[in-house]
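Make one complex out of these two single chains by using the hints.
Residue numbers (the UniProt record's numbering), protein chains in the order written: chain A, 1 to 203; chain B, 1 to 256.
Heads up, some of the hints might be wrong.
[As the list claims (entries may be wrong)] Not the full set, but computed from the structure, chain B residues with beta-carbon under 7 Å of chain A:
| no. | residue |
| --- | --- |
| 1 | A94 |
| 2 | N242 |
| 3 | P244 |
The set of hints was computed from the structure by calculation and includes no laboratory data.
Beta carbons are placed, not taken as given, at the ideal position from N, Cα and C, and that holds for glycine.
Here are the chains, one letter per residue:
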Amino acid sequence: MPILPDAVQNLTLAFERLPGIGPKTASRLTFYLLRAPEEISRSLAEALLALKSDTGLCQVCFNITRAGQEVCDICASPQRDEGVICVVEEPLDVLALERTAGYFGRYHVLHGVLSPIEGIGPDDLKIKPLLERVKSGKVREVILATNPSMEGDATALYIQQQLANSKVRITRLARGLPVGGDLEYADQNTLLRALAGRQELGS
Amino acid sequence: MPSSERTLRVEAIVLRHNDWGEADRLLTLYTREEGKLRAIAKGVRRLRSRKAGHLEPFTRVKLMLARGRDLWIVTQAETLAAYLSLRDDLERIAHASYVVELLDRFTYEEGGNRALFDLLAVTLQRLNEGHPSFTVLRYYELRLLDLLGFRPELFRCVGCGEEIQPVDQFFSPLLGGVLCPRCGGQDTSARPVSVNALRFLRHFQRSSYAEAGRAVIPLPVQQEMETRMQDYLTYYLERGLNTPGFLRAVRRRNPD
Numbered sequence: 001m002p003i004l005p006d007a008v009q010n011l012t013l014a015f016e017r018l019p020g021i022g023p024k025t026a027s028r029l030t031f032y033l034l035r036a037p038e039e040i041s042r043s044l045a046e047a048l049l050a051l052k053s054d055t056g057l058c059q060v061c062f063n064i065t066r067a068g069q070e071v072c073d074i075c076a077s078p079q080r081d082e083g084v085i086c087v088v089e090e091p092l093d094v095l096a097l098e099r100t101a102g103y104f105g106r107y108h109v110l111h112g113v114l115s116p117i118e119g120i121g122p123d124d125l126k127i128k129p130l131l132e133r134v135k136s137g138k139v140r141e142v143i144l145a146t147n148p149s150m151e152g153d154a155t156a157l158y159i160q161q162q163l164a165n166s167k168v169r170i171t172r173l174a175r176g177l178p179v180g181g182d183l184e185y186a187d188q189n190t191l192l193r194a195l196a197g198r199q200e201l202g203s
Numbered sequence: 001m002p003s004s005e006r007t008l009r010v011e012a013i014v015l016r017h018n019d020w021g022e023a024d025r026l027l028t029l030y031t032r033e034e035g036k037l038r039a040i041a042k043g044v045r046r047l048r049s050r051k052a053g054h055l056e057p058f059t060r061v062k063l064m065l066a067r068g069r070d071l072w073i074v075t076q077a078e079t080l081a082a083y084l085s086l087r088d089d090l091e092r093i094a095h096a097s098y099v100v101e102l103l104d105r106f107t108y109e110e111g112g113n114r115a116l117f118d119l120l121a122v123t124l125q126r127l128n129e130g131h132p133s134f135t136v137l138r139y140y141e142l143r144l145l146d147l148l149g150f151r152p153e154l155f156r157c158v159g160c161g162e163e164i165q166p167v168d169q170f171f172s173p174l175l176g177g178v179l180c181p182r183c184g185g186q187d188t189s190a191r192p193v194s195v196n197a198l199r200f201l202r203h204f205q206r207s208s209y210a211e212a213g214r215a216v217i218p219l220p221v222q223q224e225m226e227t228r229m230q231d232y233l234t235y236y237l238e239r240g241l242n243t244p245g246f247l248r249a250v251r252r253r254n255p256d
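For reference, chain B alone in the conformation it holds in the complex (with noise of 0.2 Å):
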């Protein structure tokens, strides 16, 4: 528990929620003042609850909190930002429910970053407000692994540190970036990355989110970007992630 305070005022954006206790839920929340903070919210599992409405996870809430014995305690709560089409929608669902992972994962309790909660809060509301989900998420994972310092070397090779050139090239999550093909050839953890995927990689990572969206992206080139950030997401992880999964659980059984 960071801060010596007895109470806190923090705006807060709830990542994921689990049972504890009797009716109460343990809340992991990304605050824009502290960070990464985790809160107990009492009886929000009663159906009279008064916060329960405002706790629910991708919610952007105000919140009071005090100190217990060992974790924060929720004495208020109300919702900025309900995020509403977010839970109508089972692919949303699973979006949301990425972007919230990812954070959760790749933080720890450890102070505020500010950009990174503006990151979350923005992204969320571009997934709520209906933006293209490939563009949305490509964008949140390459800004979030920039503000993290796991900034990915798009432009020079990380073996040699030559110029990157316009041809196939590879790619190394252990290296850190791209490799030029005459080192790519010996490195057997880098994968090969097409010249175009790695355009549009670059196109994400040096401009601004509405330059980004206007790239027209094949599909194929599509899926080889988000197969080559999740690899790379993963090494630095070191463990799997949940959502990709279920959103292909979810994708594949669509019965049409």
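Bound conformation, chain A alone (with noise of 0.2 Å):
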């Protein structure tokens, strides 16, 4: 028999689906608001409800973008190389790429990767509409930029293997010690690979 009202119990189980808020968070966070001006629930129901019906997809490479825009900010940028696609998980890969205001080419989300355990394979991913861009012919790099995880290599020896008649250079990115990192807790994998790809000094 429950003794608050519905409306306090809704909200509460709304939240609870939420990824890492339990039961006491998703009580916490409903009295909050309970208690807290009208103003903060009604900016926060409208940004939620504007968070679905404001976006979707690029159709070029899926990033997410503005609800009725076809293309995304990036793949409209005549600034923006197109003949280098930078291949990524999710699409907060973008946002750290972009963060790093280095590079300059376009995107192409994957919104997964291959699982062989979880049973997810390519047709799960937007893996096709990539071979297609590739295939358009503008195309001259193609960057693997998944995670470096069992499941992204797999992802990326498999884009691999389905370009590998195309002509365009197909790279990965680099693996190897990360800033800060001390090399006493390296793995063999990451040490093996720093010093195949080790640099000159002084060039």
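As structure tokens, then:
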């Protein structure tokens, strides 16, 4: 028998469905909003509704874009080199690469990675549109920037296999020691690759 | 969580990892000492994690675990064998995933099985060294079934108990083995199995790995053996496996 009104109960349950939020956090958030000025819950509610209705996927690179906009700002920008495509797992990876301010090509978001054990195959990702983009002929280089994990490697290998007959250059982000890391804790895989990819100093 | 210790030192093979919370991963491990365990690896999705590189799937690793509230937490990790070449070829990734998925699906968190751990380790090592995948995988399937108590009967008819004669027979996952032509004809769940496929399955079941590896098996017979084993395994798992489909998808689309 619920002691609290449905409105309180419903919001608590809604919060609980979010990742990382348990029943305690959910009710704390609910009671905070209950006591806070109406303005806060109103703007939160509006922002939540807009999240779905005002966004869509870019029809070229599948990054998240504003609703009704066919092509995202990066794909539409003449300043970005359309001959280079950087392939990433998630839209958040695009943000990370953009923050470097050192990449001037375009992107392709796969929305996931291949995972043999979880049963995620090539058809579950945006791989086919990527292959078509490359076939269109303007692309010179495909940079595979999937995560350095077993699944990320499998995805990169699969795309490489599919593009093997095309003339484009296929590269993978370098793997090595992170800034501020400690050799003592490096695993063999990382160290071996860091050794293989060592670079001449002072050139 | 078995064992009442606060900390646990184990040798483990990482079966799978799933993202967990902000930057953590939930690992499914098969340990030499305690069998299957699940443990949280904190912060391993951060680039500067000291543990991440040691905790990828298929890695054999020495671990220190601490008792958390509901799950073990990984405090230290050191690679014993990285099986690196399992990761740089798509088919090998698929084969290793198959090995791991089978073990994961057939076991529970139920205590240690040293022989099973050793089988897993040696199978991954064989794949890593580039042994022919057919021999490695069929041998693994039959040994795994032995160790788990699902050994198929390949020498006597599971219907009438008569010794199997060297002619084409039937194979019934439901009854757990071969049926002679007389019994098999009446059983609708049974599939035909050729005298050759049966001969090599029996050879794999009672021979050492080295002996099994010396057998020269024609391709159609290999395919038949694989199909019969798949039937048998999926019957006992009560649900299809993910990795065989993945392997087919990857093979089919080889653009050559």
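Structure-based check of all given hints:
no.: 1; hint: A94; in the structure: holds, 5 Å
no.: 2; hint: N242; in the structure: holds, 3 Å
no.: 3; hint: P244; in the structure: violated, 9 Å
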